[in-house]
Amino acid sequence: MRRTILIVAVVMTAAVVTAVGGAQTPSITPFPSPTVVQYFVSTQTVTAPSAAQGAGVLTNYFRQGETVVFRAAAAETKSGALLTDQSTKSFYVKIPGQPNVKLAYTAPGKKTVGAPWAWTGSWTVPADYPAGVVALKVLLKAKAGYGSFVQIPVATSQLTITGKA
Amino acid sequence: MRRLLLLAGIVALLGAVAAPALAQVPKLNVFLYVDTVNGTRPAAGTKPRPIGCTQSNTFKRGEQVVFRIWGSVADTGSILSTENVKYAYVKVPGQANMKLSWGAHGATTNRVWFWTTPWIVPSDYPLGAVTARIVFKTEDNKFGNYDYDMTIVPNAAKKKR
Chain L
296 MRRTILIVAV VMTAAVVTAV GGAQTPSITP FPSPTVVQYF VSTQTVTAPS AAQGAGVLTN
356 YFRQGETVVF RAAAAETKSG ALLTDQSTKS FYVKIPGQPN VKLAYTAPGK KTVGAPWAWT
416 GSWTVPADYP AGVVALKVLL KAKAGYGSFV QIPVATSQLT ITGKA
Chain X
410 MRRLLLLAGI VALLGAVAAP ALAQVPKLNV FLYVDTVNGT RPAAGTKPRP IGCTQSNTFK
470 RGEQVVFRIW GSVADTGSIL STENVKYAYV KVPGQANMKL SWGAHGATTN RVWFWTTPWI
530 VPSDYPLGAV TARIVFKTED NKFGNYDYDM TIVPNAAKKK R
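Those protein sequence lines, which keep their order, are chains L and X.
According to my numbering, the stretch in the first sequence is residues 296 to 460, in order.
According to my numbering, the stretch in the second sequence is residues 410 to 570, in order.
Since the hints were made in silico from the structure, they are not lab data.
Each hint should be verified, as a subset may be incorrect.
To be verified - Okay, the calculated beta carbon distance ranges per label pair:
no. : chain 1 : residue 1 : chain 2 : residue 2 : range
1   : X       : I460      : L       : P391      : 18 to 28 Å
2   : L       : K397      : X       : Y496      : 34 to 44 Å
3   : L       : A422      : X       : K508      : 40 to 50 Å
4   : X       : E548      : L       : G458      : 44 to 54 Å
5   : L       : A422      : X       : P535      : 38 to 48 Å
6   : X       : P535      : L       : Q348      : 15 to 25 Å
7   : X       : I460      : L       : A350      : 22 to 32 Å
8   : X       : K456      : L       : Q348      : 13 to 23 Å
9   : X       : S532      : L       : Y400      : 38 to 48 Å
Note that beta-carbon positions come from the ideal geometry of N, C-alpha and C, so glycine has one too.
One chain only, chain L, in its complex shape (with noise of 0.2 Å):
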């Protein structure tokens, strides 16, 4: 009987502390949280018509001199809006030692499905910006509150600046 006691014992206690480690799973990191609070923000990098690619080439890497093209969508968490200039108070790029990159808004007519990049902004980079990863972040602020972007933390994925051809 004792036995049987025990065995349910250890039984029970493995149940409780699996159950336990079960719900946490403190490995896992969503990017770029667990949660989008208030506003969800989306951001590429992308070549300008001046580029020997041409223009909406998406990179990461540019080099001094160059421009840099962001392009832009940000919706409301909850009803789902994509942001508008109208339901917008400021939407801009910030980048180290550069004054901020505002992005302006062009209605993207009637595409739903992806991304409509209605916000665009330029930045074209000093002939003495430290070459390097940009660590910049996209900040929004709207009727209901903020939302940001910041960079999938890969560093080769990340804005880079080279030098010069």
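Use these hints to put chain X onto chain L, whose structure you have.
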């Protein structure tokens, strides 16, 4: 009475003008961020790029495309993960659907989780513009769709074997 009717008319007119403008703002159930980077494992005989995992939407035949996606459910704000996604895949025209995997990426000191799937551009894949469709279905039957544009170019420089 006339004033009331006039006022009602003006209000109705303003409403009619404003309604289409409001209706034009698209609403989404699921938000998605999508990009592509070059994978470090291209097809045999295809020269890898000097740096792996750089963003690009132009790929040569034989190169490895890696789709990277993260997103959230609009009404709850929850990040899309295996906890709330029923299925997720990438559809490239002429290819079998590619299931997206939820996993950890990045440096060991700063690993984060998002969705990925690799695709090696077949040696005979049509050149030019191609649009991949990314599809997410959540456990509560909400869809997130995203059309992602890429360009496929010839593989001029093959690695000597």
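Hints the structure fails to honour: Every hint satisfied by this model.
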